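Going down the list, the protein sequences come from chains A and B.
Going by numbering that gives the first Met the number 0, the first residue of the first sequence is number 0, and it counts up by one from there.
Going by numbering that gives the first Met the number 0, the first residue of the second sequence is number 0, and it counts up by one from there.
Honestly, I wouldn't trust all of these hints.
Okay, the calculated beta carbon distance ranges per label pair [said to hold, decoys possible]:
1) A/Arg162 x B/His32: 42 to 50 angstroms
2) B/Gly211 x A/Pro262: 27 to 35 angstroms
3) A/Gly211 x B/Pro27: 29 to 37 angstroms
4) B/Ala141 x A/Asp305: 28 to 36 angstroms
5) A/Glu187 x B/Lys301: 36 to 44 angstroms
Here are some chain A residues the structure puts well away from chain B; computed CB gaps all over 10 angstroms [stated by the list, open to error]:
6) Leu20
7) Leu21
8) Ser23
9) Pro84
10) Asp86
11) Ala118
12) Asn128
13) Lys135
14) His144
15) Thr265
16) Val277
17) Pro279
18) Gly320
Rather than coming from a laboratory, the hints here were simulated on the basis of the structure.
Please read all numbers here as calculations on a predicted model, not as lab measurements.
Virtual Cβ for every residue (Gly too), placed ideally from N, Cα, C.
2 protein chains.
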Amino acid sequence: MNIYAENLRGRDPAYVMSEALLRSIIDPELKAHITVRWNDDPDLRALAEADVFVGGGFDHQRVAKHAQRLRLVHSTSAGIERYLPLDWLPSGAAFTNSRGIHAEKAREYMTWALPALHAGLPRFTQAQNERRWDRKLTGLIAGKHLAVLGLGALGGAVAEAARALGLRVTAVTRSGKPSPMMRVFSIEHLAAVLPTADFLVVACPLTPATRGLIGAEAIARLPSTASVINIGRGPIIDTTALCAALSQNRLAGALLDVFDVEPLPTDSPIWDTPGLLVTPHVSCDAPDNISRSLQILGRNVKKLLDGSASQLENRVDGDLGY
Amino acid sequence: MNIYAENLRGRDPAYVMSEALLRSIIDPELKAHITVRWNDDPDLRALAEADVFVGGGFDHQRVAKHAQRLRLVHSTSAGIERYLPLDWLPSGAAFTNSRGIHAEKAREYMTWALPALHAGLPRFTQAQNERRWDRKLTGLIAGKHLAVLGLGALGGAVAEAARALGLRVTAVTRSGKPSPMMRVFSIEHLAAVLPTADFLVVACPLTPATRGLIGAEAIARLPSTASVINIGRGPIIDTTALCAALSQNRLAGALLDVFDVEPLPTDSPIWDTPGLLVTPHVSCDAPDNISRSLQILGRNVKKLLDGSASQLENRVDGDLGY
Numbered sequence: 000m001n002i003y004a005e006n007l008r009g010r011d012p013a014y015v016m017s018e019a020l021l022r023s024i025i026d027p028e029l030k031a032h033i034t035v036r037w038n039d040d041p042d043l044r045a046l047a048e049a050d051v052f053v054g055g056g057f058d059h060q061r062v063a064k065h066a067q068r069l070r071l072v073h074s075t076s077a078g079i080e081r082y083l084p085l086d087w088l089p090s091g092a093a094f095t096n097s098r099g100i101h102a103e104k105a106r107e108y109m110t111w112a113l114p115a116l117h118a119g120l121p122r123f124t125q126a127q128n129e130r131r132w133d134r135k136l137t138g139l140i141a142g143k144h145l146a147v148l149g150l151g152a153l154g155g156a157v158a159e160a161a162r163a164l165g166l167r168v169t170a171v172t173r174s175g176k177p178s179p180m181m182r183v184f185s186i187e188h189l190a191a192v193l194p195t196a197d198f199l200v201v202a203c204p205l206t207p208a209t210r211g212l213i214g215a216e217a218i219a220r221l222p223s224t225a226s227v228i229n230i231g232r233g234p235i236i237d238t239t240a241l242c243a244a245l246s247q248n249r250l251a252g253a254l255l256d257v258f259d260v261e262p263l264p265t266d267s268p269i270w271d272t273p274g275l276l277v278t279p280h281v282s283c284d285a286p287d288n289i290s291r292s293l294q295i296l297g298r299n300v301k302k303l304l305d306g307s308a309s310q311l312e313n314r315v316d317g318d319l320g321y
Numbered sequence: 000m001n002i003y004a005e006n007l008r009g010r011d012p013a014y015v016m017s018e019a020l021l022r023s024i025i026d027p028e029l030k031a032h033i034t035v036r037w038n039d040d041p042d043l044r045a046l047a048e049a050d051v052f053v054g055g056g057f058d059h060q061r062v063a064k065h066a067q068r069l070r071l072v073h074s075t076s077a078g079i080e081r082y083l084p085l086d087w088l089p090s091g092a093a094f095t096n097s098r099g100i101h102a103e104k105a106r107e108y109m110t111w112a113l114p115a116l117h118a119g120l121p122r123f124t125q126a127q128n129e130r131r132w133d134r135k136l137t138g139l140i141a142g143k144h145l146a147v148l149g150l151g152a153l154g155g156a157v158a159e160a161a162r163a164l165g166l167r168v169t170a171v172t173r174s175g176k177p178s179p180m181m182r183v184f185s186i187e188h189l190a191a192v193l194p195t196a197d198f199l200v201v202a203c204p205l206t207p208a209t210r211g212l213i214g215a216e217a218i219a220r221l222p223s224t225a226s227v228i229n230i231g232r233g234p235i236i237d238t239t240a241l242c243a244a245l246s247q248n249r250l251a252g253a254l255l256d257v258f259d260v261e262p263l264p265t266d267s268p269i270w271d272t273p274g275l276l277v278t279p280h281v282s283c284d285a286p287d288n289i290s291r292s293l294q295i296l297g298r299n300v301k302k303l304l305d306g307s308a309s310q311l312e313n314r315v316d317g318d319l320g321y
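Work the whole structure out from these sequences, hints included.
Shown next as structure tokens:
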């Protein structure tokens, strides 16, 4: 069993896989041969012999070209839209992602994001910049209505945080499959849900079906007292339309953690849109995420060797895109 | 039974007592005579005949001069430091405050304030101002240690919010009276508690014993990774020392909701201290607070008439100052 781990040069050190970390997670009984390289300094011979490739933000065409024996490719991210379609995967190889590892952190992020937006935090930070005392009292958040787009690990964490704060939650998902915990509508009913939402939270994968889903039309359906949060992927929201709505007071506020281009470019109009708070893609990531991701890999490597490859954890459906 | 309610001109409309609101709360069977006036347009005859005075931010010397029949003075605030000492009270009259009405809102404020500070929100808002992507991942807040100054209604709400987020809580109070819910130290042990705190939250009344309690010396005892929150009263913290510590990276962050002078003056150095977030005295106030305060008054007026004046709710101890 040859495992090839590739680190992306320049990425946040929190994502770097060290050989020691991999050895501490991959069962030593598997006697795996582990190679750890930077993306700009590959070991092409080791790549050619790899059974397993693990990385984040990697160049899948290059991987496919050199690593033709692969049986498993593991993404250290949950969002894998950049690798779609999966037609580059060697035939018979599986692709797994890291969905689920972000749920705890996402729940904590939502636990502050929702009542902070409700209290008017963007208004306060703007007033602080202008050395202005802008007092406006708000009641409690309990009883407000939150619509969450997506009900996977991330959307589930959003719903959990919201319910703990006393909000009513409605989920909008691809299938609309019922949940015992909340009302669920399929994506075709999004337009009917939006006018009832005090909060709209985007927590779904980026797929052809969700790209641009929250555009000018959807935003216009939200009440002017509503706030929008995006912890999913930037391109699901048309930020030009969102910023226009905020500037014209057609929305109460927004908190964006993900963007079309990251890092958010210095000249982006998003930075100083009134009522909009920016956090730099921190909603779902914690310093131990890479270790959590590799634990999924560790369990899957065992399954490969056990001959139970059909039961791989977090296998991505290339057609659905997650 | 004559009730005289005085509104403070220019105050937030949320605090204004209308005659209709008072009539809806004071039991009609009491056949109370209710007078509602602005502070700059008093009815001195009605004041002279008042049994009960209710107001917020009132001139107690003026009230004492004109209203010599008073049996009860009710403050619509919880903090009553401005009326101390209570030697102006007509002999035999009781003074009550509105402690307790702020607890729910305070709990919600703390529910966002703590994880937001933990995530580095002041850093993010500062970076946003500068159109700068400043990513730093943090883990979960659970297990961090919070020291709360005061364990009245407000401090209790802080402790409750913190425990729900998974923090360990230590309270520091005047008496150090034990609690089944957490460790409690008397104020003499503050210096020993500070070096162990990840968060220091000020939630006690302003008294001669607490004024300036969190000064340069106390702040120097906090770890450089600690954050400070003040939802009590401004003068409990020496903000000059606090801002110096933040500017020199001797503290991680701060969230101030109360100030020595409110509104915070435009030229205050607090506005642009790095790592410091300002909210405009909204942590504990909700639009329905005035109605909650008057409900305390309504119950107390009944007790006065029942002859159970010794059981008045929220009676202030003039010696303790709360």
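Any hints this thing doesn't respect? Which numbers, in order?
2, 3, 5, 11, 12, 13, 15, 16 and 17
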